[in-house]
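With the hints as extra help, turn the sequences into a complete structure.
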Amino acid sequence: MSIQTRELPCRGGKLGLLTLDSPATLNALSSEMFLQMQAQLDDWAHDESIRLVMINAKGDRGFSAGGDIREVYQALKEAPDTMTVTRVFAQEYRVDYTLHTFPKPVVTLAHGITMGGGMGLLQASRYRLVTPDIMLAMPEATIGLFPDVGASWFLNRLPGSIGLFMGLTGARMNATDAMRIGLADLVVERSQQEELINRITDQYWTGDIAADDNRLFRLLNQLEEAPAESLPDSELALYEQDIARLCRRDDLSRVAERLLSSPPGNEWWRACIDGLRHACPVSLYLLERQLAHGLQMSLKDIFRMELAMVANCAAGPDLAEGIRARLIDRDNQPAWRYRSLTEVPEDYVESHFTPPWPETEDPLADL
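The opening residue of the sequence shown carries number 843 in my numbering; numbering runs sequentially from there.
These are computed hints drawn from the structure, not numbers from a lab. Honestly, I wouldn't trust all of these hints.
As the list claims (entries may be wrong) - Below 35 Å or equal to it, Euclidean Cα-Cα: the simulated DSBU-like pairs (lysine-lysine) are:
#1 K856 to K1142
#2 K856 to K919
#3 K919 to K900
#4 K900 to K1142
#5 K1142 to K919
Unchecked claim - What follows is a list of derived Cβ distance ranges for each label pair:
#6 E1036 to A866: 18 to 28 Å
#7 G854 to Y1190: 49 to 59 Å
#8 Y1190 to N1040: 29 to 39 Å
Quantities reported herein were computed from a predicted structural model and do not represent experimental measurements. All residues carry an ideal CB built from backbone N, CA and C; glycine is no exception.
Structure representation (structure tokens):
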């Protein structure tokens, strides 16, 4: 089983503990895992004995590297239409939306590599705890996709142009910067996980959601934060002003040109610019438009928009080609449909936002 669940008795009620348990794949999230998570979350939402939920992961390397992209690639190659791929993403988005709107407090403790679908779980949680070795990123543009799992919501809530920059470059955020820009609520040592669970189970949870949430908030604030010497230096502190200047509102091709022609900085900055250089041009435009559209949309409509975008990406050539080049053949030479931003037709970008199904058949219509 790739998902382990336990119900731990507290002095009042129970803690529902959901653990990602596929460390060999860096907890890559498969469709089976999403079905397991959805069934368990639905059960816990209605179980009056469950007072709160905690999500964590096994393995030393990370919380989750994201969705099972090899499963997506196989579906793209084998399915005669895009609905198989669409169903996989719909299952993922449904879990994310369930966590965003869960009627009980949810605490997620993420460590190490946390990207894509792993970020979706973390950002959907009421309380986002990370360890000093956390590495957060949304690198989907390098495989011909776009930052999804609700990124149209959470990237838009980052300060300045940081959300756009993260999506364009796949920038990796460490623990210090995750706290700096609001992608995490607390940094704790992973060794404190058992102490946290013990403190939770030692509490009397009343079942009054507001009171329990307040009690959990106070409990988390009493945890010993990771010592400053265990935290990495901020990368953003060196580049925030550059990002604001280079990513100021403008035509996307000019934004990209400014970033690509910026002076070579430290290793972190060079990796960011390299990520932009190797990203799919269509994906970069999709990112720009999804962030613009997402500003005016409800969370439900954001997930429905992203699902339509995924379905249309699956119908085009870039997603399968990007996965092939980056993860299957690993030649890192994707043959994108359009080789540069200036070649991408505007109507082609906009077509990705038109759902390929009637409104009555939207897979997420019942969110």
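Hint-by-hint comparison with the structure:
| no. | hint | in the structure |
| --- | --- | --- |
| 1 | K856 to K1142 | holds, 29 Å |
| 2 | K856 to K919 | violated, 44 Å |
| 3 | K919 to K900 | holds, 31 Å |
| 4 | K900 to K1142 | holds, 30 Å |
| 5 | K1142 to K919 | holds, 30 Å |
| 6 | E1036 to A866: 18 to 28 Å | holds, 23 Å |
| 7 | G854 to Y1190: 49 to 59 Å | holds, 56 Å |
| 8 | Y1190 to N1040: 29 to 39 Å | violated, 55 Å |
Taken one by one, the earlier hints fail for this structure at numbers 2, 8, listed in ascending order.
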